[in-house]
Amino acid sequence: MSNTTQAMYTETPFVRTKRRYQGLAKYIFMSMTLLMILPLILIVGYLFVKAAPVLSLDFIFTNPIRGMRDGGIWAALLGTIYLVVISLVTSAPIGVLAAVYLNEYAKDNWFTRIINLAVVNLAGVPSIVHALFGLGAFVLFAGMGRSIIAASLTLGIMTLPVIIASTKEALGAVPIAFREACWNVGATRWQTIRSIVLPNSISGILTGIILQVSRAAGETAPIMFTGAVFFKAIPEGDLLAYGIFDQCMALSMHLFTISTQVPNVPTALPYGTAVVLLGTVLLVNAVAIVLRVYLRSRKKW
Amino acid sequence: MGNRKQLEIITESAIEWLIRICGISAILFVFGIFFFVFREGAEFLFGGLDLWQFLTSPEWYPTSVSQKRYGVLALMAGTASVTLLSMAIAVPFGLGAAIYVSEFCGPKAKETFKIVIELLAAIPSVVWGFIGLTLMNELIITLFDAPIGLTVLNGGIILALMSVPIIVSIGEDALKAVPDSYREAAEALGSTRWQMIYRVLLPAAKNGLLAAVLLGVARAVGETMAVLMATGHAVKIPGSVLDSVRTLTATIAAELGEAPVASDHYQVLFIIGILLFTITFAVNLIADLVVKGIKEQ
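Note that the protein sequences, when read in sequence, are chains A and B. For the first sequence, our numbering begins at 110 and goes up steadily by one. For the second sequence, our numbering begins at 98 and goes up steadily by one.
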């Protein structure tokens with residue numbers, strides 16, 4: 110028996126070479142992957158180590174003092190929260206409805222293709238061009254001035270493609286049979302969407318909204334000229350300290366300011382700001398990922 | 098009963114109209130962006146600006162008292178050098194990682210890698226810029242014995258790290274889109290996995306991989322904060338990777354705050370914005386056409 114097996118398969122030099130190449134390719138690609146990922150993890154670790162001296166709850170809940178050379182980041186953090194919430198309130202509904210249109214109503218024709226192309230392009234417009242648009246359209250043309258509302262609307266338009274893409278994916282994952290069953294009992298298109306499609310895809314839509322939060326929180330360029338300022342004094346602990354026509358500080362802008370514009374800032378301070386910003390964004394993303402994995406695991410179809 | 102029905106019909110059609118309006122909102126916004134950026138810069142673009150000089154002169158002296166000169170060649174060279182360097186690093190590594198994640202590693206590792214890559218894509222650009230300004234700056238000064246570490250090399254590496262997640266995730270999608278029957282046919286002929294990738298998958302997925310690279314380029318060209326902080330502020334055509342440069346995006350970010358509204362300088366910055374919009378629009382359009390090419394196969 111063993112003799113016949115040997116007769117059927119013998120390793121020729123050709124097979125050996127090709128095996129060797131296969132192994133080589135595998136390790137080269139693996140090391141490429143690791144070479145891209147490991148430095149990043151090290152960098153993030155390095156930021157945390159350098160920031161360690163200032164990281165505390167006090168750092169988060171006190172205002173910057175002495176020309177931003179000391180103190181915490183409260184005013185900037187609150188500003189970022191305002192910008193994110195207002196941009197979300199304005200753009201999430203538009204984004205979700207746009208995705209509903211694209212997935213449920215749009216026919217497969219040239220017009221839909223143009224809409225899809227516009228979504229891709231909107232995602233590809235450089236952030237600084239969004240800033241110019243926000244300045245031209247909201248600050249000057251609409252007369253909002255440099256304000257939280259102008260900055261939030263700019264951010265909202267910038268993050269719109271994120272929510273459109275993820276909502277479309279979530280809607281597309283609802284089996285067509287669900288819709289057909291609903292239509293067959295006499296429901297209209299909108300009734301079907303409201304009672305079948307949206308409830309079944311709400312988790313995916315939520316994930317998209319969470320990703321939009323993380324994107325909006327990290328952006329700097331679009332808010333630089335539309336509503337964020339270097340410094341603004343607000344009372345600590347007051348959640349309603351900003352009005353929507355005020356200018357505000359923002360975490361990302363604050364990091365830029367204290368690392369490039371203000372001389373003699375203690376080194377740990379910008380690191381601390383970077384870590385809070387990075388930590389917030391990564392945490393929000395992690396929540397989105399966990400939510401997605403959890404909901405995928407209990408999917409019924 | 099009849100009334101209620103009528104009310105429902107009215108609300109329903111109102112909602113459907115709202116959905117349609119939101120549906121075309123993306124088109125409106127893209128046109129809106131072009132219109133408003135164009136509107137702010139139009140006056141100087143059609144009256145006063147020498148377009149030929151604008152595109153071919155490396156002399157950028159927008160605040161000079163005696164003779165203001167607006168030439169963006171040096172800025173374009175800055176953008177091009179940083180983008181090229183970043184792509185030279187990110188394309189091989191990004192595609193290599195895409196191939197590894199898609200073809201070589203097991204389902205568990207694949208899931209983990211994809212999550213890590215997604216998290217990396219989420220790191221804000223200002224944090225990247227900060228890393229360039231501090232860590233990379235010191236590394237370059239020590240390693241190359243350079244007077245300053247805020248250079249093309251710094252910006253290129255930072256941009257490469259930023260573009261890799263996009264290239265990996267879109268490249269992986271492109272490889273996933275190759276039908277399994279191709280893989281099975283190749284294996285049935287006795288090819289190893291590497292032979293299959295090299296001879297079958299790469300040719301079959303080449304359009305998608307090209308689109309991945311193009312979107313990486315668009316990201317690198319449009320990136321603002323990271324290059325603003327990591328490449329130094331020298332408006333000149335770089336001679337080596339250890340020179341400081343200034344990109345188109347960084348120029349807008351650095352100077353818009355100081356340019357008085359409606360002045361020539363302010364309008365030129367908007368014209369640079371139109372230029373950037375046009376470049377990224379073209380790159381995205383080409384990427385879309387390339388992807389459409391796959392679907393029609």
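Be aware that one or more of the hints could be misleading.
Said to hold, decoys possible - Distance ranges between label pairs, derived from CB positions:
| id | chain 1 | residue 1 | chain 2 | residue 2 | range |
| --- | --- | --- | --- | --- | --- |
| 1 | A | Thr119 | B | Pro204 | 51 to 57 Å |
| 2 | A | Pro284 | B | Ile238 | 55 to 61 Å |
| 3 | B | Lys205 | A | Ile311 | 41 to 47 Å |
| 4 | B | Pro204 | A | Tyr118 | 25 to 31 Å |
| 5 | A | Gly154 | B | Ala285 | 42 to 48 Å |
| 6 | A | Gly295 | B | Ile118 | 24 to 30 Å |
| 7 | B | Pro204 | A | Pro344 | 51 to 57 Å |
| 8 | A | Glu289 | B | Arg136 | 54 to 60 Å |
| 9 | A | Ala251 | B | Glu109 | 53 to 59 Å |
| 10 | B | Leu125 | A | Thr126 | 55 to 61 Å |
| 11 | A | Arg407 | B | Glu140 | 16 to 22 Å |
| 12 | A | Pro372 | B | Lys211 | 39 to 45 Å |
| 13 | B | Pro189 | A | Ala296 | 50 to 56 Å |
Stated by the list, open to error - Calculated cross-link-like contacts (lysine-lysine; reagent style DSSO-like; alpha-carbon spacing at most 30 Å):
| id | chain 1 | residue 1 | chain 2 | residue 2 |
| --- | --- | --- | --- | --- |
| 14 | A | Lys127 | B | Lys207 |
| 15 | B | Lys273 | A | Lys127 |
| 16 | B | Lys303 | A | Lys127 |
| 17 | B | Lys303 | B | Lys211 |
| 18 | A | Lys216 | B | Lys303 |
| 19 | A | Lys216 | B | Lys207 |
| 20 | A | Lys159 | B | Lys389 |
| 21 | A | Lys127 | B | Lys389 |
| 22 | B | Lys207 | A | Lys135 |
| 23 | B | Lys102 | B | Lys205 |
Note that these hints are calculated values from the structure, not bench results. None of these values were measured; they are calculated from a predicted model. Ideal placement from N, C-alpha and C gives every residue a C-beta, glycine not left out.
Hint check results:
As the Cβ distance of threonine 119 (chain A) to proline 204 (chain B) is approximately 33 Å, the hint placing it in 51 to 57 Å is violated. The hinted window of 55 to 61 Å between proline 284 (chain A) and isoleucine 238 (chain B) holds, with their beta carbons roughly 58 Å apart. For the pair lysine 205 (chain B) and isoleucine 311 (chain A), the beta carbons lie near 28 Å from each other, so the given range of 41 to 47 Å is not met. Between proline 204 (chain B) and tyrosine 118 (chain A), the C-beta spacing of about 29 Å keeps the proposed range 25 to 31 Å intact.
Between glycine 154 (chain A) and alanine 285 (chain B), the C-beta spacing of about 46 Å keeps the proposed range 42 to 48 Å intact. Between glycine 295 (chain A) and isoleucine 118 (chain B) the C-beta distance comes to about 27 Å, which sits within the given range of 24 to 30 Å. Remark: the range hint 51 to 57 Å for proline 204 (chain B) to proline 344 (chain A) is upheld by a beta-carbon distance near 53 Å. For the pair glutamate 289 (chain A) and arginine 136 (chain B), the supplied restraint of 54 to 60 Å is violated, since their beta-carbon distance comes to about 48 Å.
Roughly 32 Å separates the CB atoms of alanine 251 (chain A) and glutamate 109 (chain B), a value that falls outside the hinted 53 to 59 Å. Taking the beta carbon of each, leucine 125 (chain B) and threonine 126 (chain A) are about 59 Å apart, inside 55 to 61 Å as hinted. Between arginine 407 (chain A) and glutamate 140 (chain B) the C-beta distance comes to about 59 Å, which lies outside the given range of 16 to 22 Å. About 43 Å separates the C-beta atoms of proline 372 (chain A) and lysine 211 (chain B), a value consistent with the hinted range of 39 to 45 Å.
A C-beta distance of roughly 53 Å is found between proline 189 (chain B) and alanine 296 (chain A), which places it inside the suggested range of 50 to 56 Å. Restraint check for lysine 127 (chain A) and lysine 207 (chain B): satisfied, since their Cα atoms lie roughly 25 Å apart, inside the 30 Å limit. This hinted pair checks out: lysine 273 (chain B) and lysine 127 (chain A) have alpha carbons roughly 24 Å apart, not beyond 30 Å. Simply put, lysine 303 (chain B) and lysine 127 (chain A) have alpha-carbon atoms about 23 Å apart, close enough for the 30 Å limit, and the pair holds.
A threshold of 30 Å between alpha carbons decides the hint, and for lysine 303 (chain B) with lysine 211 (chain B) the separation of about 21 Å falls inside it, so the pair holds. Restraint check for lysine 216 (chain A) and lysine 303 (chain B): the C-alpha separation of about 29 Å stays at or below 30 Å, so the hint holds. Under the criterion of a C-alpha separation no larger than 30 Å, the hint pairing lysine 216 (chain A) with lysine 207 (chain B) is inconsistent with the structure, at around 35 Å. As the CA atoms of lysine 159 (chain A) and lysine 389 (chain B) are separated by approximately 47 Å, the hinted pair breaks the 30 Å bound.
For the hint linking lysine 127 (chain A) to lysine 389 (chain B), the alpha-carbon distance of about 35 Å lies beyond 30 Å, and the restraint is violated. For the hint pairing lysine 207 (chain B) with lysine 135 (chain A), the CA-to-CA distance comes to about 14 Å; that is within 30 Å, so the pair holds. A threshold of 30 Å between alpha carbons decides the hint, and for lysine 102 (chain B) with lysine 205 (chain B) the separation of about 53 Å lies outside it, so the pair is violated.
The earlier numbered hints that this structure contradicts are 1, 3, 8, 9, 11, 19, 20, 21, 23.
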